[in-house]
Each structure stands twice: as structure tokens, then as C-alpha cells.
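Novice: Chain by chain, the residues:
Protein chains: 2
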Amino acid sequence: MSASSPLEKPDSSTALFADLYELTMLRAYAEHGMDQIAVFDLFFRKVPPGQNYLLTCGLEPLLEEFESFHFQERDLEYLSSQAFFPQSFIEQLKDFRFTGDVYAIPEGTPVFPHEPIVEIVAPIGQAQILETLVLNQIGLQTILASKAARIVHAAQGRAVVDFGSRRAQGFDAAIKGARAFYIAGVASTSNLAAGLKWNIPVAGTMAHSFIQAFPNEIAAFRAFVTTFPETILLVDTYDTLDGVRRVVELAKELGTACRLRGVRLDSGDIGALAVASRAILDEAGLHKLQIFASGGLDEHKIAQLLGQGAPIDAFGVGTSMSVSDDAPALDIAYKLVEYAGQGRMKLSPGKRTLPGRKQVFRNFHDGEAQEDIIAGCDEAAAGIPLLELVMRAGRRIRPAPALTGIRDRARRSMAQLPENFRSLPPPPSPYPVRISEKLQAYEQQIRKTLARS
Amino acid sequence: MSASSPLEKPDSSTALFADLYELTMLRAYAEHGMDQIAVFDLFFRKVPPGQNYLLTCGLEPLLEEFESFHFQERDLEYLSSQAFFPQSFIEQLKDFRFTGDVYAIPEGTPVFPHEPIVEIVAPIGQAQILETLVLNQIGLQTILASKAARIVHAAQGRAVVDFGSRRAQGFDAAIKGARAFYIAGVASTSNLAAGLKWNIPVAGTMAHSFIQAFPNEIAAFRAFVTTFPETILLVDTYDTLDGVRRVVELAKELGTACRLRGVRLDSGDIGALAVASRAILDEAGLHKLQIFASGGLDEHKIAQLLGQGAPIDAFGVGTSMSVSDDAPALDIAYKLVEYAGQGRMKLSPGKRTLPGRKQVFRNFHDGEAQEDIIAGCDEAAAGIPLLELVMRAGRRIRPAPALTGIRDRARRSMAQLPENFRSLPPPPSPYPVRISEKLQAYEQQIRKTLARS
Chain V
571 MSASSPLEKP DSSTALFADL YELTMLRAYA EHGMDQIAVF DLFFRKVPPG
621 QNYLLTCGLE PLLEEFESFH FQERDLEYLS SQAFFPQSFI EQLKDFRFTG
671 DVYAIPEGTP VFPHEPIVEI VAPIGQAQIL ETLVLNQIGL QTILASKAAR
721 IVHAAQGRAV VDFGSRRAQG FDAAIKGARA FYIAGVASTS NLAAGLKWNI
771 PVAGTMAHSF IQAFPNEIAA FRAFVTTFPE TILLVDTYDT LDGVRRVVEL
821 AKELGTACRL RGVRLDSGDI GALAVASRAI LDEAGLHKLQ IFASGGLDEH
871 KIAQLLGQGA PIDAFGVGTS MSVSDDAPAL DIAYKLVEYA GQGRMKLSPG
921 KRTLPGRKQV FRNFHDGEAQ EDIIAGCDEA AAGIPLLELV MRAGRRIRPA
971 PALTGIRDRA RRSMAQLPEN FRSLPPPPSP YPVRISEKLQ AYEQQIRKTL
1021 ARS
Chain R
571 MSASSPLEKP DSSTALFADL YELTMLRAYA EHGMDQIAVF DLFFRKVPPG
621 QNYLLTCGLE PLLEEFESFH FQERDLEYLS SQAFFPQSFI EQLKDFRFTG
671 DVYAIPEGTP VFPHEPIVEI VAPIGQAQIL ETLVLNQIGL QTILASKAAR
721 IVHAAQGRAV VDFGSRRAQG FDAAIKGARA FYIAGVASTS NLAAGLKWNI
771 PVAGTMAHSF IQAFPNEIAA FRAFVTTFPE TILLVDTYDT LDGVRRVVEL
821 AKELGTACRL RGVRLDSGDI GALAVASRAI LDEAGLHKLQ IFASGGLDEH
871 KIAQLLGQGA PIDAFGVGTS MSVSDDAPAL DIAYKLVEYA GQGRMKLSPG
921 KRTLPGRKQV FRNFHDGEAQ EDIIAGCDEA AAGIPLLELV MRAGRRIRPA
971 PALTGIRDRA RRSMAQLPEN FRSLPPPPSP YPVRISEKLQ AYEQQIRKTL
1021 ARS
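Going line by line, the protein sequences match chains V and R.
This note's numbering numbers the first residue of the first sequence as 571 and each following residue consecutively.
This note's numbering numbers the first residue of the second sequence as 571 and each following residue consecutively.
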């Protein structure tokens, strides 16, 4: 049975997830014989306020898009219907595929301003048409992974659960978000579609509406526990501490059969309620029952709660993480840096673009990252090179790594970042990123050429 | 040919775009004989800071999801693989459909706190399982439409073009966003997939990379104009005013064949550059060439530019609109308000829920909205009722209106809002929303019942 739902059957292929100007430029390039190899760099110029790094995310799903990139019949019919494209151009699109090479910093790596996260080397039209797709997908997943990394760090080893699907900006953000959060160290997601798609553990408790539907709170608790003995009960529908007392009452009814896991606090002064709830549970000998907190949490509130000693065992985080509320968009750029073997750059004020193909070298001391050097791709600088060849002639050079592998890499590479960059208070100075002297000289040389033109 | 791209072929159906707890509650409801009719209201408790209203959006795509709502084989296999669901429950899901009634305030209506935007009347499990879907989709599209409405108002009749796809939070946000923006009065979108899906006009100019790929700026301009004579040229790649002078040079070369439409400014002090560019163009007799501005614009910057008299004819708006950057999430709630004919509500602090089925009446004076009254659904209050029956027994009672019709309605209903609520400076007091005395009395009655339970 096939459904007509937008989630299931979009009307166009990914190739049409492009801005009109990418297609008009493609036509203009073709008509003017511009078919040489171009290099486009994806990078950002500064970290969002209050952040010290960004955690790369979104590469593997993007490479999958590149491999399957093509126009379908309906896309071409649509383009034909627009005034911009003659039939001869539409014919060319029928066989359009991405045949370029891609270099990238692997997912789950902390990165800094001006470092190329993805470098695409392809005939200029092919690289140009990917602009919107690349910016949208890597931009989104990178801000979400970065937000989650800060939240996970603030939770100091306690589990963080993704409750954000209801607030995420649409289907794709929720599902890609769950993946980004998991890579950044979040334990599980509430979203079933994400659980299926990425094989991420799913978790959940119960809603206020379940409690409200029953004649009273304890009747609702009893019913839910009959069906799900190992559950976490939501206690704030009417009065949080009364709710906790009803959990104690239920635990006594159940006696040795009690397999309850804990209570969830979702409103009010979570810190004070956690202390009071813990006291009530401990008083009743229910030391094993955990306290789960949710409701408007972010990295700062979690740090504050734990800083004041709130006895919270796990956190459910929604809104702030799901939309990266303090930095909902990243000023990420996808810029031409080389065409036909020659470096290119913009001179627009405040919009530095480093020309040419590059490599980023990370230098370590005692296992801690000390400094990055952005250099030309043929330079031999000190440090570990971060950019890897991931796609050659439009095909991935290795199968996609398992998500758990990407998650492990993120944990390791985050652990290599000095603590003052991982923690929330701003460090005395930003992480040092140096541009090699050779690359600086090349930038000056290209700048002069452009000034003369 | 079928592709494996995530945009084209998600792994699950919309039914699985749900939080785990919705499915566990569904099972618990079924096992405890809870199959009575429930009423759930979708509403928000306050407008985001700096906003005076929200513009409803997202209903018609949501109703389409409801009509096609079902679990597919793969969804059920996945649910079977989880610990929470016995085979008997999975069997029940095979025939699961949404058979409820839906009342809603039509898309493109300004709404205020506590007003039910959507009211769902269905067996409790059916209404419960829609929670994440409804919150995610209406929440997103409503904040995006509201942001765009403020931007369109600030542009004072000048065209606003959606350039936001590259910054939107994923595929769905970009495509649904283009629809929301169009409803709110945006003229066109750069996104081709959105253009195809919603039949929205598409627009675009050229990227810096096109200019950079050529040996110099005028060579790039010449090439592009040969292919697209009626274009807008991007002038800030190297130096904005030099770019404008090159456009003048090109216009002279073209002579009477010149069909250029204008120039685009994308960086620097847009206001001052617009004045200087206009002077250069006018000096050359190119009065017909328009000035198009883009680059980091939002409603406040547009208001400022026009307030200082910048000669700008149209605006391209991306980031701020695409993610609703000042309010990237809406604290929107989907709450049980009635079960088995009896009003229900939460008592959690700061989370008022009005019990029972409702109607919202809007009162007008001289064609201007003066006050809304939230009342019980069977009350006869003064004013025009806003909630309409849109779905009966799981089927829409009328075909989806054309998007242009929804856009017209938005324009009309926004025009009925007094100017001090439409404009950016905060009004002396919020738009008045009154709760009928009968509904207040019912709220008190239910509160007492709950306090006793």
C-alpha cells in the first residue's frame, strides 16, 4: 500500500533541492564553455557567541545524497515549465551525475573558524549545484551536534535523552537531529522514525494526558505500571510532591514485585523538587528509584542544577537542543577557492575566503590538541592532517562507518580538546588556528591579481 | 528509476514520526479499556518576545497526513523488534487509521494566547498518537509564517524573496517554510523543490562563485547576460560600487538591447551603498534598473533601511526568516481537555489548560479586530467564530484550498488587525483575549473536582 504523505513521497528528488540560481549558473557555465575543475570549500568564519568549537556532523548522509544525485522525470518536466531552461539544457540534465572528489574532516571532530569541513573538487557546474544541499545539511547537523555536545558535557556523565522531535523544525531536522545528538553523546531518542532509521535506542515515559484521562493520578499510575512494570512515572500533572507520594503508595502496593525505575519532574523549581522528591523516596526505602528531569532544560540550566547538587540521575532535553536555540543558524559558507588550477577568492568586506586546495593539521601535546594549522594541500606542516579523501569520482571510497563508530570518534576527539574549550565559561582566548605562511603568501598573491583585474 | 536518497525514500511512514511514549500509552489505553472520545487542543500560552500575534500555518499539509495515516510493514517490524510491544498489539496497528473529527482556525489567521488553533476529537489513542506530528508541523510553519508576516510588513509593499533554503533546518523546514512565507506575503522562493511542490514562483540571481570563476567581473557579467538578458547582477564580489560601474559599462555595450533588471547588493553598509549605486545608475540614465538588497536582513534591518530612505526596490531574505531566528521554537502545547464528555486539565504551575471543547469569537469594529472571546463550543458569544470543522471521521470535508486562496485570506485577516499589532514596536497592551464567564466557571468546577481526587 502506498501513501500520499509528504514524509513518504516528496514530489521531487534531492537534485531539485537547489536554488534556482544554481541551475541558471549551470546553464550559463555550459553555454560559455566553463567546464574546468573547481574547488569549493565549506567553512564558517566564526563560532556562534558563547561557543568555543563546532562539532562536525552530517557528512555520511550527504555523501549518500551525492551518490544518488540525479534528476527525475518530474523534476525535468518542472524545469521545462520554467522560462529559464531550453530543451537542449533539459536534455543535458537527464544524465547529470556527480562525478567529483570529496575531501572532508570526519564527522564528530571539533573544528574552528576558516577550516574547510568539506572540500569538493569537481567540474564547476557539478560543484555549484550542490551549494544549497551542502550548506543546509552540514549546517543543520553541525549546529545540532555542537549544541548536544555542550549539553552532554554539562550533564557530567548522566544520561541525556532527546525529547526534541515535537519542537524540531520539521521532519528532517528531527530525524537528522536525533542522529547528530547521538553522535555527540546523547543516550537515546524519543523519536521512533529516528530509532528505526539510525538504529538509535528509543526511550520515553508517559504524557500528562495519560494521567488526566484517568479518574485520578494513582489510577493512571496503576494502569500504566500493569502494562509497563519497569517504567518512569510522570509526577507533576497536579502537584509534584503529591505525585511522588502516590508513587511511594504504589510501590508499597506492589511490594517485592515493584520494578519501577523512577519519577519524572517536568515543571516548577526542578532543583528544589528533586531534593524533596529524593527525600520522600529515600524515606520510603526506594533508593533505587531514579529522578529524571525535563522541561525547558539546556546546558546552562543542567550545569546550574548539578552545580547546586540537585540529585538528578538523567535529563530529558527538548526545545533548546532540537533547534539549537541560542544559535539556530550557522553563518556557514560554500565558496569557490580554485578554478582551472588557479586560486580564487572574494574581496567582499568581512568575508575572507582563503584560496586554493587545503589541508588542516592538528597539533597535540600530551594527547591534547594545542593548535591547528590551515595550509595548502601540498604543504607538509606539523601535526595530524584532518581532511581525508572520502569520495573519488562520485563514489565513496569506503562504506559508511557505523553510527556507533562515529559516536566513539566524537568522544575521543572531544576528549582531546582541552577542558577549557569543552566547558561552558568562555576560555581566556579562542583555540589557536594559524594560517601557514605559504598559504598567507598565496592569498596575498591572488588578492593582487584580483585588484588588477 | 528509483533513488535511495533520504529526501526521496524515508525509511518509515509518517505514523512512526511519533515519540515512543505515544505508542506505549496507546497500548496501555487499549489494555485498560480506555477507548472513549478525547478532545485535544493545540494552543500556545504566550507570544514570543517582541511579537504581537502569530499567523496560523500548516493545517492543510497536516490534514493530508491524517488522511493517509497508517503503519507500513517496515514500521511494524521495527516496533516488533522493540521490547515494549507484544504481537497482539502490533496486529491492532495494522488497521490503525485516524477516524476523528478536526476543528481548526484556518491557515493565515492571526491568533493569540490560549486560543485553540486545532481541536482534535477522536478515540483517545488516535488523538494521542498524533501529538508529536501536530506539534512539530504546526509549530514550525506557524513561527515561520509569523516571522515572514513581520518581514513583509516591514518591506512596505516591496517584494520579499525567500533566499532561506541554505540556512533552513533541513529539507522539510525549507520546503514547508517556502509555503509558509508565500502565505504570509513573500513574493517568491529560490528553492526549486518548493516551487514544484507548491507551485510558488521561483526567483534567483547569481552567486559570487560565478563571478570568481571568470577572469574578471565584467567578463562574468557579459557571459551571464548573454544567457539571461533579463537578469539581476551581483555586484559585491570585489567592490560594490566598482561592480555597479561595470554594470553601467555593460549596459552601454548592450545599448538598446539592454534588458537588465537590476543589481544586487549583498554585503557592506547596504543603506549607503544603495544610495551610491542609485546615483551611479541614474547618472548613466539607467533609472529602470532596480536595486535588490540581501545579506543578513531581517524585519528590523529592513525597517531601518527604509526608514532612512534607502532606495531599495526588493529584498532577498534568508537566515533570519528561514529559522525564525529570534524565536526558533514555539512553546506550543497539545493537551487533553476532555475525555468521555468530561473536562480535563493540568494543574502544573504556570501551565494553564482550559477544559472542554471550545470556540473562539473575534469581534470587529469598523472592520478592525477588537477583541477575541474564548468560550465553550456550545456558547453563543458575540463575534465571528474562528474554529471550523475541517475533517469528519478522518476525511476532509472539503478539498484543500488553493495556496493563493490561503495567501489572500492571510492578507485580508492581517489587514483586519489594527496597525499597532502589525507593526514592530510593541503596542501599549496586548491584543485583548477574554475567556467567557461560563468557560471560567467550568474551569473552576473542574479544578475543584481534581483537587478532591
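None of these hints come from the bench; they were simulated from the model.
Some hints here could point you the wrong way.
Note that the list lumps identical chains together, so a pair holds whenever it fits in one copy or between two copies.
The calculated lysine-lysine pairs, modelled on DSS-like cross-linking and capped at a C-alpha distance of 27 Å, are [claimed, not checked]:
| id | residue 1 | residue 2 |
| --- | --- | --- |
| 1 | K767 | K1018 |
| 2 | K1018 | K871 |
| 3 | K664 | K616 |
| 4 | K616 | K858 |
| 5 | K858 | K1018 |
| 6 | K1008 | K616 |
| 7 | K664 | K822 |
| 8 | K1008 | K664 |
| 9 | K871 | K616 |
| 10 | K871 | K858 |
| 11 | K767 | K871 |
| 12 | K616 | K767 |
| 13 | K858 | K664 |
| 14 | K1018 | K664 |
| 15 | K616 | K822 |
| 16 | K767 | K822 |
| 17 | K822 | K871 |
Novice: Can you name, in rising order, the numbers of the hints this structure does not satisfy?
Specialist: 1, 2, 3, 4, 5, 7, 8, 11, 12, 13, 14, 15, 16, 17
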